[in-house]
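Q: So the chains spell out like this:
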Amino acid sequence: MNKNKDVDSIVVRLSGDSGDGIQLMGSQFAVATALSGADFATFPDFPAEIRAPVGTTFGVSAYQINLGSGPITTPGDAPDVLVAFNPAALKVSLPMLHKGALVIINNDSFTPRNLRKAGYETDPRDSGVLTDYQVVAADISHLNLEAVKEFGLSKSEGGRCKNFWALGVLLWMFDRKLSSVEDWIKRRFADKPTLRGANIKALHAGHAFGETAELAASLSQIEVSPAELEPGEYRSITGAEAMALGIAAAGELADRAVMFCSYPITPASPLLHRLSRLGELGVGTFQAEDEIAAIGAAIGASYGGMIGVTSSSGPGIALKTEAMGLAVSAELPLVIVNWQRGGPSTGLPTKTEQSDLYQAVYGRNADTPIPVLSASTSGECFEMAIEAVRIALRHMTPVILLADGYLSNAAEPWRIPDVSAFAPIDSNAVPESDANPQGIAFARDSATLGRPWVTPGMQGLMHRIGGLEKDVESGHISYDPSNHQSMTDLRAAKVQSVANFIAEQEIESGTDSGDVVVVGWGSTYGPIYQAVRSTGASFVHLRYLNPLPPNLGELLAHFDKVLVPEMNTGQLSTLLKDKLDVNPVCFSKVTGQPFLISELVEKIESLQGKTS
Amino acid sequence: MSDKLTAKDFTTTQEVRWCPGCGDYAILKSVTNALADVGAMPESTAFISGIGCAARFPYYVETYGFHTIHGRAPTIATGLKLANPELDVWVVTGDGDGLSIGGNHLMHALRRNIGLKILLFNNEIYGLTKGQYSPTSRVGTRSPSSPGGSFETPVSPGQFALGAGAKFFARGVDTDKAGMSDVLRQAHAFVGASFVEIFQNCIVYNEDVFAGFTDRKNAANTQLHLKHGEPMLFGEHKDKGIRFNPDTWSLEVIDAIENPDNILVHDESNAVVARLLIDLPGPVALGLIYRQPSVSFEDAFYAHHPTRMKRTKSITDFIKGPSSWSAG
Numbered sequence: 001m002n003k004n005k006d007v008d009s010i011v012v013r014l015s016g017d018s019g020d021g022i023q024l025m026g027s028q029f030a031v032a033t034a035l036s037g038a039d040f041a042t043f044p045d046f047p048a049e050i051r052a053p054v055g056t057t058f059g060v061s062a063y064q065i066n067l068g069s070g071p072i073t074t075p076g077d078a079p080d081v082l083v084a085f086n087p088a089a090l091k092v093s094l095p096m097l098h099k100g101a102l103v104i105i106n107n108d109s110f111t112p113r114n115l116r117k118a119g120y121e122t123d124p125r126d127s128g129v130l131t132d133y134q135v136v137a138a139d140i141s142h143l144n145l146e147a148v149k150e151f152g153l154s155k156s157e158g159g160r161c162k163n164f165w166a167l168g169v170l171l172w173m174f175d176r177k178l179s180s181v182e183d184w185i186k187r188r189f190a191d192k193p194t195l196r197g198a199n200i201k202a203l204h205a206g207h208a209f210g211e212t213a214e215l216a217a218s219l220s221q222i223e224v225s226p227a228e229l230e231p232g233e234y235r236s237i238t239g240a241e242a243m244a245l246g247i248a249a250a251g252e253l254a255d256r257a258v259m260f261c262s263y264p265i266t267p268a269s270p271l272l273h274r275l276s277r278l279g280e281l282g283v284g285t286f287q288a289e290d291e292i293a294a295i296g297a298a299i300g301a302s303y304g305g306m307i308g309v310t311s312s313s314g315p316g317i318a319l320k321t322e323a324m325g326l327a328v329s330a331e332l333p334l335v336i337v338n339w340q341r342g343g344p345s346t347g348l349p350t351k352t353e354q355s356d357l358y359q360a361v362y363g364r365n366a367d368t369p370i371p372v373l374s375a376s377t378s379g380e381c382f383e384m385a386i387e388a389v390r391i392a393l394r395h396m397t398p399v400i401l402l403a404d405g406y407l408s409n410a411a412e413p414w415r416i417p418d419v420s421a422f423a424p425i426d427s428n429a430v431p432e433s434d435a436n437p438q439g440i441a442f443a444r445d446s447a448t449l450g451r452p453w454v455t456p457g458m459q460g461l462m463h464r465i466g467g468l469e470k471d472v473e474s475g476h477i478s479y480d481p482s483n484h485q486s487m488t489d490l491r492a493a494k495v496q497s498v499a500n501f502i503a504e505q506e507i508e509s510g511t512d513s514g515d516v517v518v519v520g521w522g523s524t525y526g527p528i529y530q531a532v533r534s535t536g537a538s539f540v541h542l543r544y545l546n547p548l549p550p551n552l553g554e555l556l557a558h559f560d561k562v563l564v565p566e567m568n569t570g571q572l573s574t575l576l577k578d579k580l581d582v583n584p585v586c587f588s589k590v591t592g593q594p595f596l597i598s599e600l601v602e603k604i605e606s607l608q609g610k611t612s
Numbered sequence: 613m614s615d616k617l618t619a620k621d622f623t624t625t626q627e628v629r630w631c632p633g634c635g636d637y638a639i640l641k642s643v644t645n646a647l648a649d650v651g652a653m654p655e656s657t658a659f660i661s662g663i664g665c666a667a668r669f670p671y672y673v674e675t676y677g678f679h680t681i682h683g684r685a686p687t688i689a690t691g692l693k694l695a696n697p698e699l700d701v702w703v704v705t706g707d708g709d710g711l712s713i714g715g716n717h718l719m720h721a722l723r724r725n726i727g728l729k730i731l732l733f734n735n736e737i738y739g740l741t742k743g744q745y746s747p748t749s750r751v752g753t754r755s756p757s758s759p760g761g762s763f764e765t766p767v768s769p770g771q772f773a774l775g776a777g778a779k780f781f782a783r784g785v786d787t788d789k790a791g792m793s794d795v796l797r798q799a800h801a802f803v804g805a806s807f808v809e810i811f812q813n814c815i816v817y818n819e820d821v822f823a824g825f826t827d828r829k830n831a832a833n834t835q836l837h838l839k840h841g842e843p844m845l846f847g848e849h850k851d852k853g854i855r856f857n858p859d860t861w862s863l864e865v866i867d868a869i870e871n872p873d874n875i876l877v878h879d880e881s882n883a884v885v886a887r888l889l890i891d892l893p894g895p896v897a898l899g900l901i902y903r904q905p906s907v908s909f910e911d912a913f914y915a916h917h918p919t920r921m922k923r924t925k926s927i928t929d930f931i932k933g934p935s936s937w938s939a940g
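Each protein sequence line maps, in turn, to chains A and B.
Heads up, the first sequence stops at 612 in my numbering, and the numbers go up one at a time, no gaps.
Heads up, the second sequence stops at 940 in my numbering, and the numbers go up one at a time, no gaps.
Keep in mind the hints are simulated off the structure, nothing from the lab.
Among the hints, a few may not be true.
[Said to hold, decoys possible] In silico DSSO-like links for lysine-lysine, alpha-carbon gap of 27 angstroms or less:
#, chain 1, residue 1, chain 2, residue 2
1, B, Lys932, A, Lys177
2, B, Lys932, A, Lys186
3, A, Lys201, A, Lys186
4, B, Lys620, B, Lys789
5, B, Lys932, B, Lys829
Note that the structure is a prediction, hence the values are computed from the model and not measured.
Given only the sequences and the hints, what does the whole structure look like? Please build it.
A: Have a look at this one:
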């Protein structure tokens, strides 16, 4: 077979109406890519509406995937291949494309009505806007319906197979096996033989179209060499999947059951869905009546001796705030996962942002310190979930784990870790003591300042806890002025003591001194990783945001300039100024889209004096 | 000698800080008596409260106790009961805590039928914040926040509970030892959410608001004590009774001597009559008004978790996902 193009990496964007099955098509393409051994990163980019009005630009759903021999850490700045199912999808995606990109469009959808809905005054196929691109205009709807005709489906049912038709074309282009997609179709439509047959037929018809089109020289195959990944066994994983597995693994490492209590909210719900299938790992899921009930039930479960975990996104976290204070006061372990999204208020539910850092570190009434961690990649959600549980149990404190909407949905290859290599999690067993029960319940470990995890059901240890201030020794209610000072100091010292147990901050890449160091946190890891490779800047990426790693200030002092790119208006920059003797340069982006590598490179180079 | 625990064994050393004469003292006594009567184990019993005067309750009971935040006690109690269904979990709340700020949680605890024993101390006023009208205050209640008299329609705790799908609703009067003892015992034995409304006298901000039917001198004529399977009779000589009027679809008081065959017999499983009894014209219905055994939420929860929350597999059985590949 003739391989027409051989590339290191290539960015493919699939786009269409929110009812066109774009996300499914993208995730199936990602699985086939993964199995071929290529490195990749994905970016599902969909509207907040479940089924927005057909044909409109705001109803466009897209799935972008960057694949190549790697390392691939972002979904790519500019697509090289675009599949657009309708004029609106073309309109939205066109400005992002590389010049010369391959554009595959569905001719059948370029009707006057759809063109009008997309805001095209003239047909883009004739107006000249596509002259810089290589266009393959195929009658996708028509060809797909022809292919599935034999199954006797209605026009709308048959039309819904067209995502698999288009996927067939893509799989041919990248010379991928059809088997993983066929297997999925067989599982999905196990009891619906007609739909099963039709979708498989559409897939094959698209694949055949690719071969035929190649003969006509309008399409060519693209060869992507397999990635040189670290040896090991890999799978494709999203942040939500990795987080779910990490939470379950933490339960196993602590030898405790996990109770996950949550209220549905975008983009946090996938974690609830994943965990609700892990019952055999001792994980219970409780869908509460609201966000407050979700954290309340998680606190109750922790009080009862299970590992209580709750999850939400910014608006839901705001509702949970008072209960977080209760967990701080009662000194109960708890993990709160925040999948950040654009705000304020309802904001951009399906778009990513990292603007809840102030909320996590500073956003509670009174002096209510809570450790704050963050996950940098989809795969890293696994180990940070374990770390969050470890800290919660060691110090008997709630812990906030920040992730974001991008990580929740983005898939990447993940080297499957050896869970037996993780240290067991110690869970503050109750010491033998003759003291009175109230005193035992608040007898602290001098290093962690955590108290024993006394739970109802334990004989002879009945005691009372609550949100009222308690005596630093006995744990009884106390309104004594100096005692409140002592307890406030103690709560601060407890959270600060976390710093004594975490790894030193390391330099991710680059030299340990120089002109520019880029400091990131969370999902900006991918684009920063690529941007520093081409500019030579050093890179420090934070996983611990409160407390900060103790050596961070010293580490940053060896650089002339500290650049902090973040998807907010400067929250980490402010935090660093507050906690360390640094004056960072903030590079802010709040468009609901991840950073492009190119915009980071430009910013770094301007600081390096390479450009103005 | 029996080593059976007494009410004293359920009493903590903490100084009780309710106002002298508060109805809460009598309720505390009834509860500690009931715990001893039913043979409760202190280590297997937990009292969870929200915020308000009633919420101080856990500090005074020698069991496990958690004084939480305003309105949210049912949520924390739900998590605790799911984590350890063997526990007896009591929720102590008030009319503001349970029906205003926490109304949503109370509704869902009741409709799920989770095994909590929920005691709502209804004094028709906000006590701890110094006397504002509450969601159960009657129209016209003068308070610091309603100097011209409140003009809100109050909520009926019983109608709220039955509307939410409660399977157990009972009523007691703070100072009525016998009635409270019976109601608490039944609440303790019920599998699922038992909801008890206790008429509690706030001596400072709403004194004698229930005196119209709690005054002992006239109680025989103003209280209807319900017993399953027995006719609904009251009055000093049991000479008055309740009948169902099919013309008006309502309950009414009739002369029981003249119409002995028309007196309703209490059927605790009849939800329609229960709703009529809650707003009975004439005497106030007390005791066990409605009970309909049903599957508890904790039982359903464990039944729907295939391994009943036990770890039967390892993370290594799940970590590879649907497909994996080797590199290197």
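Q: All hints, please: hold or fail.
A: Hints, one by one, checked against the model:
no., hint, in the structure
1, B:Lys932 / A:Lys177, "holds (21 angstroms)"
2, B:Lys932 / A:Lys186, "holds (21 angstroms)"
3, A:Lys201 / A:Lys186, "holds (12 angstroms)"
4, B:Lys620 / B:Lys789, "holds (17 angstroms)"
5, B:Lys932 / B:Lys829, "violated (75 angstroms)"
Violated hint for the displayed structure: number 5, the only one.
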